[in-house]
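Colleague: Given these sequences and hints, build the entire structure.
These protein sequence lines map, in sequence, to chains A and B.
Counting from 1, one number per residue, gives the positions in the first sequence under this note's numbering.
Counting from 407, one number per residue, gives the positions in the second sequence under this note's numbering.
Since the hints were derived computationally from the structure, they do not count as laboratory data.
Where hints are given, some of them may not hold.
Stated by the list, open to error - For lysine-lysine, the following PhoX-like pairs were computed, each having C-alpha atoms within a straight-line distance of at most 20 angstroms: (1) B:K615 - B:K673; (2) B:K426 - A:K63; (3) A:K267 - A:K323; (4) B:K627 - B:K684; (5) A:K323 - A:K350; (6) A:K20 - B:K469.
Number of protein chains: 2
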Amino acid sequence: MALIVQKFGGTSVANIERIKNVAKRTAKTFDQGNDVVVILSAMSGVTDSLIEMASRITPSPDKRELDVLLATGEQTTAALLAITLQSMNYPAKSLLGFQAEVRTDCSFGNARIVDVGARRIRELLDNRNIVVVAGFQGCDPDGNITTLGRGGSDTSAVAIAAALNADVCEIYTDVNGIYTTDPRICPKARKINRISYEEMLEMASLGAKVLQIRSVEFAKKYHVPVHVRSSFNEEVGTMVLNEDAEMEGVVVSAVTCDMNEARIVMKQVPDVPGIAAKVFTPLADEGIVVDMIIQGTQSGEKNDLTFTVPRTNFKRAMEIENKVAEEIGAEEVLGDENIAKVSVIGVGMKNHSGVASKMFASLAAEGINIRLISTSEIRISCVIDEKYAELAVRALHSAFGLDREE
Amino acid sequence: MALIVQKFGGTSVANIERIKNVAKRTAKTFDQGNDVVVILSAMSGVTDSLIEMASRITPSPDKRELDVLLATGEQTTAALLAITLQSMNYPAKSLLGFQAEVRTDCSFGNARIVDVGARRIRELLDNRNIVVVAGFQGCDPDGNITTLGRGGSDTSAVAIAAALNADVCEIYTDVNGIYTTDPRICPKARKINRISYEEMLEMASLGAKVLQIRSVEFAKKYHVPVHVRSSFNEEVGTMVLNEDAEMEGVVVSAVTCDMNEARIVMKQVPDVPGIAAKVFTPLADEGIVVDMIIQGTQSGEKNDLTFTVPRTNFKRAMEIENKVAEEIGAEEVLGDENIAKVSVIGVGMKNHSGVASKMFASLAAEGINIRLISTSEIRISCVIDEKYAELAVRALHSAFGLDREE
Numbered sequence: 001m002a003l004i005v006q007k008f009g010g011t012s013v014a015n016i017e018r019i020k021n022v023a024k025r026t027a028k029t030f031d032q033g034n035d036v037v038v039i040l041s042a043m044s045g046v047t048d049s050l051i052e053m054a055s056r057i058t059p060s061p062d063k064r065e066l067d068v069l070l071a072t073g074e075q076t077t078a079a080l081l082a083i084t085l086q087s088m089n090y091p092a093k094s095l096l097g098f099q100a101e102v103r104t105d106c107s108f109g110n111a112r113i114v115d116v117g118a119r120r121i122r123e124l125l126d127n128r129n130i131v132v133v134a135g136f137q138g139c140d141p142d143g144n145i146t147t148l149g150r151g152g153s154d155t156s157a158v159a160i161a162a163a164l165n166a167d168v169c170e171i172y173t174d175v176n177g178i179y180t181t182d183p184r185i186c187p188k189a190r191k192i193n194r195i196s197y198e199e200m201l202e203m204a205s206l207g208a209k210v211l212q213i214r215s216v217e218f219a220k221k222y223h224v225p226v227h228v229r230s231s232f233n234e235e236v237g238t239m240v241l242n243e244d245a246e247m248e249g250v251v252v253s254a255v256t257c258d259m260n261e262a263r264i265v266m267k268q269v270p271d272v273p274g275i276a277a278k279v280f281t282p283l284a285d286e287g288i289v290v291d292m293i294i295q296g297t298q299s300g301e302k303n304d305l306t307f308t309v310p311r312t313n314f315k316r317a318m319e320i321e322n323k324v325a326e327e328i329g330a331e332e333v334l335g336d337e338n339i340a341k342v343s344v345i346g347v348g349m350k351n352h353s354g355v356a357s358k359m360f361a362s363l364a365a366e367g368i369n370i371r372l373i374s375t376s377e378i379r380i381s382c383v384i385d386e387k388y389a390e391l392a393v394r395a396l397h398s399a400f401g402l403d404r405e406e
Numbered sequence: 407m408a409l410i411v412q413k414f415g416g417t418s419v420a421n422i423e424r425i426k427n428v429a430k431r432t433a434k435t436f437d438q439g440n441d442v443v444v445i446l447s448a449m450s451g452v453t454d455s456l457i458e459m460a461s462r463i464t465p466s467p468d469k470r471e472l473d474v475l476l477a478t479g480e481q482t483t484a485a486l487l488a489i490t491l492q493s494m495n496y497p498a499k500s501l502l503g504f505q506a507e508v509r510t511d512c513s514f515g516n517a518r519i520v521d522v523g524a525r526r527i528r529e530l531l532d533n534r535n536i537v538v539v540a541g542f543q544g545c546d547p548d549g550n551i552t553t554l555g556r557g558g559s560d561t562s563a564v565a566i567a568a569a570l571n572a573d574v575c576e577i578y579t580d581v582n583g584i585y586t587t588d589p590r591i592c593p594k595a596r597k598i599n600r601i602s603y604e605e606m607l608e609m610a611s612l613g614a615k616v617l618q619i620r621s622v623e624f625a626k627k628y629h630v631p632v633h634v635r636s637s638f639n640e641e642v643g644t645m646v647l648n649e650d651a652e653m654e655g656v657v658v659s660a661v662t663c664d665m666n667e668a669r670i671v672m673k674q675v676p677d678v679p680g681i682a683a684k685v686f687t688p689l690a691d692e693g694i695v696v697d698m699i700i701q702g703t704q705s706g707e708k709n710d711l712t713f714t715v716p717r718t719n720f721k722r723a724m725e726i727e728n729k730v731a732e733e734i735g736a737e738e739v740l741g742d743e744n745i746a747k748v749s750v751i752g753v754g755m756k757n758h759s760g761v762a763s764k765m766f767a768s769l770a771a772e773g774i775n776i777r778l779i780s781t782s783e784i785r786i787s788c789v790i791d792e793k794y795a796e797l798a799v800r801a802l803h804s805a806f807g808l809d810r811e812e
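Modeller: Printed below as a string of structure tokens:
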């Protein structure tokens with residue numbers, strides 16, 4: 001007798017057969033006496049093909065109108081699931097973003113949820129309906145349709161779960177849960193049973209693509225228990241929760257690897273006030289997000305300045321910084337696209353010392369040179385040469401005791 | 407400096423190239439200083455393929471949910487046209503049915519427009535936007551998405567034109583206008599320059615599929631001038647207007663032919679009170695619409711009862727009436743699917759006598775037997791054998807002076 005929000009991604013609703021499977025799963029949860037709200041993505045591939053259709057008109061389609069176009073993807077799957085459930089004699093009703101009162105700001109293409117009214121959802125639940133909500137979409141204060149950006153249906157689901165004070169938000173996906181590392185890189189990867197919001201946030205921002213990062217922020221803010229699990233089997237997946245004593249006992253929960261960054265080194269930058277602003281403002285002006293920044297500690301009046309940018313922005317960033325270097329009198333700008341950022345993550349780190357040194361020692365033992373280091377309270381990241389990425393992940397996974405028991 | 411509503415059907419927006427053509431046309435009207443509102447249908451074939459998708463789940467999909475699904479078709483074209491206009495540097499904004507405040511009743515799949523708020527459209531026009539509205543869809547009092555039935559975009563366009571008090575509602579289609587008869591049947595068919603709402607209503611209900619009948623009712627009620635014209639050329643089409651002296655001078659404006667009906671004859675029906683109700687109530691209960699009804703005038707206690715039903719309902723109607731015949735003691739039920747209803751239409755008929763006799767004489771001269779006759783103030787219809795349909799149309803077209811001058 002719980003209130004359960006279930007979110008199914010694009011692969012889970014990729015065709016009529018799979019939509020029927022989702023319907024069976026949802027119906028089963030409903031039959032157990034639970035209230036059920038289902039959030040759906042578009043069929044896999046549909047969003048991309050809609051974008052492709054718009055790009056045949058113009059390379060930069062109007063963002064407001066692109067959102068109107070993209071919103072049809074989730075509208076389609078929501079209607080089809082409701083039709084399927086009705087055909088099985090379950091009382092199902094679909095709601096679009098505006099009908100479910102998913103209110104967002106006006107950032108078309110990447111809108112943020114401001115709040116969820118959910119009056120209509122509650123009414124339908126009170127009458128024992130299964131409520132099917134089109135994910136990824138909302139409505140701005142002027143009544144325009146907005147979309148939430150890649151993976152936005154996760155955020156729809158968690159925000160709706162928060163508004164309804166749901167007992168759990170189940171995120172159905174094509175993997176069994178969150179793993180200690182990418183199983184394709186490290187066959188000894190284990191499924192994690194429980195993980196804290198903080199750890200999940202670090203993992204999401206480091207390229208583990210199971211959950212959209214904003215959905216985790218939402219879950220953390222409103223204490224929504226999130227259950228990441230497979231839509232293709234009945235196994236229990238990973239619970240994302242507030243940290244607890246059990247989690248704190250584990251020093252490192254996961255190892256991640258991000259190969260989507262590139263490194264830029266500006267050599268011999270004059271050490272005068274305001275120089276950092278001169279280097280980074282032109283990047284920010286073009287919307288290029290700088291991740292790690294290290295200022296070398298050479299003696300004298302000039303320092304090396306090293307930082308990372310998304311690999312997709314690398315060429316443009318190099319152009320910009322070559323101009324900057326000339327203006328400020330730096331020696332030269334070097335770039336390297338072939339890097340990887342490996343990280344160890346764990347809330348237990350807060351109470352344990354020696355994690356960093358163990359990490360550095362493990363990499364050194366494999367002969368892997370560390371190019372950059374950055375840390376947070378629950379994470380240590382090292383940038384290394386890309387060719388060592390898999391080796392580093394396996395070494396760290398083993399060193400921190402995460403390997404699956406044989 | 408007029409306010410012009412333009413409606414483009416499915417063939418006019420069938421692909422990106424054609425949407426670009428629509429954009430050019432709309433932009434030209436805008437450049438001439440007019441305010442422009444564009445109403446779109448779904449790309450041709452899309453509505454059918456969405457229905458087909460739903461029918462792969464169940465033969466009778468839930469109507470509310472089917473409307474949510476179908477509404478994506480017009481949403482897609484509206485967004486694509488707005489994207490196209492924006493890419494040409496025209497200020498365009500799309501609106502869905504609920505955003506344009508197209509308020510309907512709750513009859514999913516066949517909703518009737520109750521009223522159009524149009525506040526949002528006016529606001530956008532005041533800021534010199536081209537407003538693109540998704541046709542065919544509206545919103546019921548509970549905020550559910552509804553659709554208006556086949557050809558519903560015509561009604562969207564006329565209703566919005568009425569709400570805005572537009573100077574004209576242009577209906578773009580794949581023909582050059584309304585013809586005196588079907589040019590595929592009669593090569594001498596001429597385009598009509600001006601036709602009255604009443605005549606257009608008779609033509610629409612008799613199978614001339616250029617305009618949805620409800621859109622004509624709307625136009626008549628609110629005196630909206632409708633211009634039916636081709637989206638593939640610049641020719642002036644047909645104006646649908648209040649009747650005027652010029653129209654009244656023409657006795658017969660058009661000849662139509664409807665081959666979508668079937669005839670049922672119940673022989674020797676006892677002539678007692680209440681018998682008609684017993685024959686027709688079971689049909690009404692199944693939603694079968696009876697068109698013409700003729701009760702024979704034989705002497706004695708038994709009469710033949712003849713009527714027509716849509717050909718798609720013919721088999722079911724025969725099953726029902728065979729049962730009825732047994733119950734009421736009628737002799738037998740005969741059916742004929744191979745009939746055609748040819749009609750002559752003209753507001754001038756009101757002031758001219760002899761139209762009926764001229765029609766009967768023309769058919770007789772070709773050796774065509776008349777099976778059923780029905781009339782209205784501005785129409786005379788005869789049911790004949792289907793095989794004579796084309797011959798009858800050509801004979802009547804010529805007899806009433808409608809042939810194109812060579």
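Colleague: So, for every hint listed, does it hold in this structure?
Modeller: The hints, checked one at a time:
1. B:K615 - B:K673: violated (34 angstroms)
2. B:K426 - A:K63: holds (19 angstroms)
3. A:K267 - A:K323: holds (14 angstroms)
4. B:K627 - B:K684: With Cα atoms ~36 angstroms apart, K627 of chain B and K684 of chain B exceed 20 angstroms; violated.
5. A:K323 - A:K350: violated (42 angstroms)
6. A:K20 - B:K469: OK: K20 of chain A and K469 of chain B at ~18 angstroms, within 20 angstroms.
Going through the hint list in order, the structure does not satisfy hints 1, 4 and 5.
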